[in-house]
Amino acid sequence: MPSDMDNKQATLELGTKPVGRLLWQYALPSIVAMSASSMYNIIDRAFIGQVVGPEAIAGLGITFPFMNLSAAFGAAVGVGSSTCISVKLGQRDYETAGHLLGNTVTLNLLIGFAFMAVCLLFLDPILIFFGASEVTLPYAREFMQVILAGNMVTHMYFGMNAVLRSAGKPRHAMYATLFTVAMNIVLIVAFVWWFRWGIRGAALATVTSQSLALCWQMWLFSDKNELLHLKRGIYRLKAQLVRNIIAIGISPFLMQTTSCVIVIFMNNQFVRYGGDMAVGAYSIANSMVMVFFMFVMGMIQGMQPIVGYNFGAEKYDRMFRCLWLTIAAATAILLVGWSLSMLFPRQIARIFTTDATLLELSARGIRLDMLVFFVVGSQAVITNFFQCIGRVKVSIFLSLSRQLIILLPLAYILPMWWQLDGVWYAMPLSDFGSFAMTIPILLWYLKGLKSKNL
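Taking the working numbering, the leading residue of the sequence shown gets 1376, the next gets one more, and so forth.
Derived by calculation from the structure, the hints in this document are not laboratory data.
By construction, the Cβ of each residue, glycine as well, lies at the ideal position given by its N, Cα and C atoms.
Keep in mind that the hints are not guaranteed to be accurate.
Using C-beta positions, here's what the derived DEER-type ranges look like [said to hold, decoys possible]:
#1 Arg-1721 to Val-1561: 26 to 36 Å
#2 Leu-1821 to Met-1593: 18 to 28 Å
#3 Thr-1732 to Phe-1570: 27 to 37 Å
#4 Arg-1467 to Tyr-1691: 15 to 25 Å
Taking lysine-lysine and the DSSO-like style, the derived pairs with C-alpha atoms no more than 30 Å apart in a straight line are [unchecked claim]:
#5 Lys-1822 to Lys-1613
#6 Lys-1392 to Lys-1822
#7 Lys-1613 to Lys-1599
#8 Lys-1690 to Lys-1822
Model the full structure from these sequences, guided by the hints.
Here it is, written out as structure tokens:
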């Protein structure tokens, strides 16, 4: 059993160990976990598309805004609290870090329950607003009824994983994710393919696997020998801590909420200009995007505790070295994804469907969606960097620029001339536009730091 001194030493390594090795140490478990999660999403959608049918894939695409909105509330707490914990550990304020853990648990329970109750009460009207048709509504409803019933579990699971990483335990966070993914795959084969429970079975597999992983996470945090552990007196919400969590978490919250708004709008545009099959193609293209973006998110998750700790410890040279290494790695990862998408779009689409119409739409959609995909990584890394150092307004602006400020107007205007293709064209144009805005802002910030001799 690790001693308190061992845990403190592991945390102190964030400020002493060579940054390259440290980033690899923290990012590798996150990359493994996130890539495994990506593979689950691929298998999930493949089973639904191949076993249930192309209409089910379209129905699943309608649920993306729901998933993004749920993730937005989870990110507001999980990312906000984990970043605050990293900073407090860097300042060696272990008592406040413990209270942040307790407040994370309470906030996740309260927000998870409230989100579940409201969304279940108005499920059908919300799904119709999200773009569901008479064909896709039953599939979307069946999936979300189960997902929402387990929403508190989902919020707590992701929140505890974020805290594990900030507490210097990236491998434990990886183990939790790998277990969830492995159990998910086993259960989805059983529920969808064997028992033929359809799209509801896929949702049940997700909630069940996350519930089992959460039990293990809570057991880990119950160990009194851990630097951060669950104990009496830390669960009562403290206004200052909640404000700090939300102040940091507002950036990823707005990013995810914006993503929700965009997917709702895009689903409606795809239905308008291409029908239900176009929504299905968008779902498949998004799946390919997320496979490689999950690798980037793994790098970002590895970066976050290092940047947060060294910012709190005022070791700015280490903080920036971590940033540049993460940008380089993210760009390299997305270049691989871009190459595969340009060369093999039909082969990728065939994983999800054998329907000729959906296959053709998806192959074209994958190429257009990922046309300038390789620039997205640096924009995401820099946005999260500003979040980690408490520059919330900058992070919020960069979060909104890619989708709300650029994509939304383009997705409305371009289809007037190019119909369905115009909806697709809007995505790579917004990717490049946000990248072009992000780099000058980072350089401006660096210039400001140098002038202050930090």
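Task: Hints violated by the structure (numbers, ascending) - done: 2, 5
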